[in-house]
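S.K.: Sequence:
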Amino acid sequence: MKLANSLIVALLLLLPVAGVAQTRGRRTTTQRRRAPAASSTATRRASEELSAGRTRVAQQIKDLTRFIYLYGRITKDLEASEAQARGSGAASQAAALSNQTRAKLRSSLQNVREGLDQLEIYFRTTPALQRYYIRLAGVAAGAAGAEDRVAANQLDQAGRLLVDVAGRLTDVLAQMSDAR
Numbered sequence: 384m385k386l387a388n389s390l391i392v393a394l395l396l397l398l399p400v401a402g403v404a405q406t407r408g409r410r411t412t413t414q415r416r417r418a419p420a421a422s423s424t425a426t427r428r429a430s431e432e433l434s435a436g437r438t439r440v441a442q443q444i445k446d447l448t449r450f451i452y453l454y455g456r457i458t459k460d461l462e463a464s465e466a467q468a469r470g471s472g473a474a475s476q477a478a479a480l481s482n483q484t485r486a487k488l489r490s491s492l493q494n495v496r497e498g499l500d501q502l503e504i505y506f507r508t509t510p511a512l513q514r515y516y517i518r519l520a521g522v523a524a525g526a527a528g529a530e531d532r533v534a535a536n537q538l539d540q541a542g543r544l545l546v547d548v549a550g551r552l553t554d555v556l557a558q559m560s561d562a563r
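Going by the working numbering, the sequence shown opens with residue 384, and the numbers climb by one from there.
Keep in mind the hints are simulated off the structure, nothing from the lab. The C-beta atom is built at its ideal place from N, Cα and C for all residues, glycine as well. Mixed in with the good hints, there may be bad ones.
Below are the DSSO-like pairs computed for lysine-lysine, each with C-alpha atoms no more than 27 Å apart in a straight line [to be verified]:
id	residue 1	residue 2
1	K459	K445
2	K459	K487
3	K487	K445
Pairwise CB distance ranges (calculated) [what the hints assert, rightly or not]:
id	residue 1	residue 2	range
4	Q476	A441	52 to 62 Å
5	A463	T424	54 to 64 Å
6	A520	L480	36 to 46 Å
7	K459	N494	19 to 29 Å
8	T424	A520	25 to 35 Å
Kindly produce the complete structure, drawing on both the sequences and the hints.
M.R.: Laid out in structure tokens, this is it:
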């Protein structure tokens with residue numbers, strides 16, 4: 384009888400331990416393996432989108448600064464030729480040439496603005512870049528303002544607006560680089 388009682392007590396003590404060990408083992412293995420895979424995929428995708436956004440902003444800065452350099456030279460030559468034409472009396476030829484030059488400037492500025500519009504749309508529609516869109520919003524409007532200034536023969540003010548746009552793009556790129 385003592386042997387039977389000892390055996391019953393031992394079985395009662397071991398029975399709850401075996402039940403707890405089985406439930407614990409089944410619960411943890413499937414949950415831990417799935418969670419990191421999903422988060423690493425999302426993190427990798429966000430990182431790729433951020434890198435692509437940085438590349439696009441950097442390319443726009445390059446294009447815009449190259450344009451500003453050429454814009455400065457063209458407007459300087461345009462103003463000098465207009466002043467010379469006024470002094471020599473050949474105003475009709477100079478006016479025709481200056482109108483052609485202004486039309487080309489407006490066309491080039493329109494291309495710059497369209498590129499900036501595309502950049503704004505890309506940032507607005509890409510989830511990983513939406514937090515940077517706030518700082519980027521309005522750069523295309525700055526280029527449109529420069530177009531208007533060129534049309535109104537306010538070439539210096541148009542150039543200053545373009546420099547401001549380049550500054551805003553640089554600020555966005557710096558903010559994106561800090562997010563690493």
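S.K.: All the hints need checking, so say for each whether the structure fits it.
M.R.: Outcome of the hint check:
{"no.": "1", "hint": "K459 x K445", "verdict": "holds (22 Å)"}
{"no.": "2", "hint": "K459 x K487", "verdict": "holds (15 Å)"}
{"no.": "3", "hint": "K487 x K445", "verdict": "holds (20 Å)"}
{"no.": "4", "hint": "Q476 x A441: 52 to 62 Å", "verdict": "violated (42 Å)"}
{"no.": "5", "hint": "A463 x T424: 54 to 64 Å", "verdict": "holds (59 Å)"}
{"no.": "6", "hint": "A520 x L480: 36 to 46 Å", "verdict": "holds (38 Å)"}
{"no.": "7", "hint": "K459 x N494: 19 to 29 Å", "verdict": "holds (21 Å)"}
{"no.": "8", "hint": "T424 x A520: 25 to 35 Å", "verdict": "holds (29 Å)"}
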